[in-house]
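Put the two chains together into one complex; each comes in its own frame, and the hints tell you how they fit.
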Amino acid sequence: MSDKLHRILLFVAALIVPVVCGGIVYALVTDAYEAFEHFGFLNFLTSSEWSYTEGNERYGALPFITGTLMTTLLALVFCIPFSLAVALFAGEYFKGTKIAAVLSAVTDLLAGIPSIIYGLWGFYTLRPVVMALNLSPQGSGILTASLVLTIMIVPYAASLSAEFIKLVPNDLKEGAYSLGATKGEVVRKIVFPVAGSGVFSAYILAVGRALGETMTVTMLIGNTNNMPDSITSTGNSMASIIANQFGEADGLRLSSLIAIGLILFLITALINMIGKIMIKRARII
Amino acid sequence: MKKIFSSIMTLTLAMAMAACGGSATNGGRKAQELSGAGATFPLPFYNVVFEHFAQLKGDVVAYGGIGSGGGVRNLRDKIVDFAGSDAFLTDKEMADMAPVVHIPTCMGAVVVAYNLEGVKELKLTGQVVADIFAGEIKMWNDARLVALNPGVTLPAEAILPVFRSDGSGTTFVFTDYLTKVSSMWAGKYGAGKSVNFPAGQAAKGNPGVAGVISQTKNAIGYVGSEYAFAQKIPCARIENARGEFVLPSSATISAAASGDIPADTRTSITNAEAVGAYPISTFTWLIIYKEQNYAGRSKEQAAATLDLLQYVLSDEVQGMASEVHYAPLPEKVKGLGRTHLKTVTYNGVAILQ
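In the order they appear, the protein sequences are chains D and A.
Be aware that the first sequence starts at 1, since it is given in our numbering, and climbs by one per residue.
Be aware that the second sequence starts at 1, since it is given in our numbering, and climbs by one per residue.
One chain only, chain A, in its complex shape (with noise of 0.2 Å):
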């Protein structure tokens, strides 16, 4: 009696767990449970993709935002399933370790904030931005500054740069930018996560530097655009590669990704050629492993990752990304990351087919 009591439980429970498993549209396969770390620009973004993709599929993901570094250092040391970063990995960082893809997720960019009394629209060039943070150009009303704004009244106050006291990958893409544009800034000060800035202020993230311009008059610096188009912070036309002074926008942040891009998506797109470009832009990317056999992972976790890349690149969650905030990918760098999916493999055999 006992006996056929135990079996029957045993067989509910299996169906029970069957039906659980079957419910999400994933294709059979058990739900797995995912981990990735890194970038914590997009975050936000990540957040409400993850969380429809476990409501859509049953696998959950978890992502920590220890940093760009810190997620490729994950990935590095096999721990984790996906990184995210911001910035690329270099070829050196490349060969010292397993092939891997690189999926561009969506973009974002650098805005330049400003408070000044009255003035409403403000035009820069890569230069002026440059010789501003250089501490070179030390007066709102410039020569330079009323050239490029006929019209606009500039004070004649003394202008306060704020920049990052943290280590950032929105520095990292604000000094990129200016080390293509001004050959004083390359040579002076470069691009990194951290820079030597020599005038201004500094404070600690987004919010910080936000909340410092946005509290002292006369000042200028620069913040993601995430958290510039959520909290609606004025911002300045920066003229781009073709000479047109472009807002930051979804459209303008999307259409610098327009132009050629390599096939491994591995580029800087900030001065991109393209026309309508916002010149402050950049990718931000998930990296896997080529080779999803490692640490012991099952086939059904690689097809689980693979599954939650591809839902990342379709024209739904694409969808979302302006709406959260971040600017979607064009078609065709869309196409390219589906065609990266198609090379990652199991076992040296492509996992989609």
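The following block holds chain D by itself, in its conformation from the complex (with noise of 0.2 Å):
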């Protein structure tokens, strides 16, 4: 009997959360529809004028979806180097050692500071620095909303990779020491090949985290809505023109902001997934 109810209660309580997902996409498409319908869909996607002279409003989402690429791909190569030196000082070279465990905390740590005091720290420290390097006058754009969601990324990206680095078996790696390879090359022929996907893995799930993120986005990215045609010109991620546009929108502008809300959910759910399917075939290995 209370088997039964255990069964049922936890039925219930799976359900709840693919019921939300549905009711949230059901509200996204109804909501966009009106966007999709006024301007089509490809074109909606493929537009770049964001114009709001009233009678002829214009909205097209490309310079955000570019925005949203551009900040994102930029985080993921920055964030690489560190947070793959961060995975192999903690998941192998130093495996196991007081000091690993140390660094892997410290990672973590940052994976707990709210976002908005990621954006402060950039846009008082950081920006005046980029301006002072004459990257651009200035200091906001594509740049220096990158180099910050590069340091919000990275523990996330570090500490699942190390776990998988952390599984390549041993027998594997003695293998490979007692033929004569040294640490160097047991890196780059064992471990790398075998928690290839893994990593891989770790770091489509960080690049969902960079997709999503506002906050920060918004303060440093500066908030205009062109095409951005240099890594260091202002722009718009999918994010932060909904932050910046939603409160005061109505009619077809509210439509198009949620018709990007609704693009930024699928892309997000589409990188989510591959990377679920990473994760599971690092498994069978």
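Mixed in with the good hints, there may be bad ones.
[What the hints assert, rightly or not] These stretches of chain D come out as covered by chain A in the derived footprint (C-beta under 8 Å, 3 or more residues):
(1) 48–59
(2) 70–79
(3) 115–128
(4) 239–249
Honestly, the hints are just simulated from the structure, not real lab data.
Being a predicted model, the structure only gives us computed values, none of them experimental.
Glycine included, each C-beta is placed from N, C-alpha and C at the ideal position.
This is the structure in structure tokens:
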């Protein structure tokens, strides 16, 4: 009897999540419909105009999709050397030592800092540095936002990759050592090929985190609706345009913002799915 | 015995309630709960005024800063007693709903703030401001800026304009002014709560823009006066319609409404002709229905609404305006507001005698 009850309770609890998720998709699709109908789905995706002129409003998502992809991609590229170094340090070279435990703990701590703190730090500390280095005159922009995003996603990429690197079987590594391989060769020829898809999935999950980051990006990206033409120019990401304009928007603009939310939701879901599939493949090995 | 006891209780309660109601000086009417919604620009002013009003009259006023557009929508849906708006209703909007009256409550302005090392005073004309925000004047040592500011050393650096990333009445007032003074601006960008600024970067809210300006050398941007005054942000003198270069202050903002104001006060006072007027000034309004019997409102609620608006127009409240960094209404505009209040009716009978 009590077993049955448990099963029902768990079933109901498990059902809530997909129902909520379905509700979100439903609400996004119904509210975004007006924008898709007015501009056409493909045209909305590929138009780079964001013009408020009354009676001739034109909204397109391309500058924001580009802004999101540019910040995310740059953050990913910048984060690879740092997170890989931390992962190898904690998962291979100093595996099981106290210093590795301290390093992992400190890296994980970075994940717990609220994004507004990163945003303020970027605004007051990093932005003047970017200006002083003459990277961009106004300081804000894709590059500045990406640099802070990098620090924010390093812990996600680093701690998960360290776990996968630790899982590489010892007998494989010992076999390589007995053949006279150096530590570097073991890492390159044994650790990476074996833990590769796991490490890859760690980066995918970190990307998922960077895609939706709102507060930090809004404070640093410059919030202009133009198509970014270089990594130092200002722009807007999908999350930041919603944060900026949702409050006063109505009608077609509101619908367009929700449509951008839907696209962001789909991109994030897709990336997370790829990550999950890669983790599964990593487990099989 | 029980019956006597309960009737004594009821009596005491009734007396206590009567005492409560009578303690405030509102002519013996029951304390009401009023609700309004709308513009965020005058919100700090309204908070202070409504709190004083509650102490004085016992009526509690709740005001939600949801933006001018939302406030007007709520009034149209008849779910609030009054709406706050930074923009007067257009004829088209007026035709869409029952007759309303606009009561101006206080004044504010948009200031042009800048960050230039060693520059204490900056003079700008409307056309120059328009050209800067259009990206046509790119350098601080542009000949036109130098000509306007003799004796000031302007750096040979790029100008970094900062604008609002969110829709805002501040942007509306600023671009409304630029539209009036620059045909180039009127043709290319126009006025609105959100405008496609071609140059520079954007930030959210007055604090966002002010923050970027203060942290960025060679930046220039526009900020609501209530925020700029409270934060003591340095701002430029702007040339008004009479050719005077005016620094924004409570007095110069009030001066912008000292000229000819139409009887219904529905007018933009940017680029006003008056002497000593700061040219980027604006009214903010509370809007109520002319006929107060709607959506089941009681006569007392209508009376309380009018009490509130009379109080807002009183010398006491107008005197408070500059303390909280707004500008008071000139005598004449207060008079116009009071005249409008007399036309407000309940079941067709004027409420104020």
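Hint numbers not upheld by this structure, sorted from lowest to highest: 2
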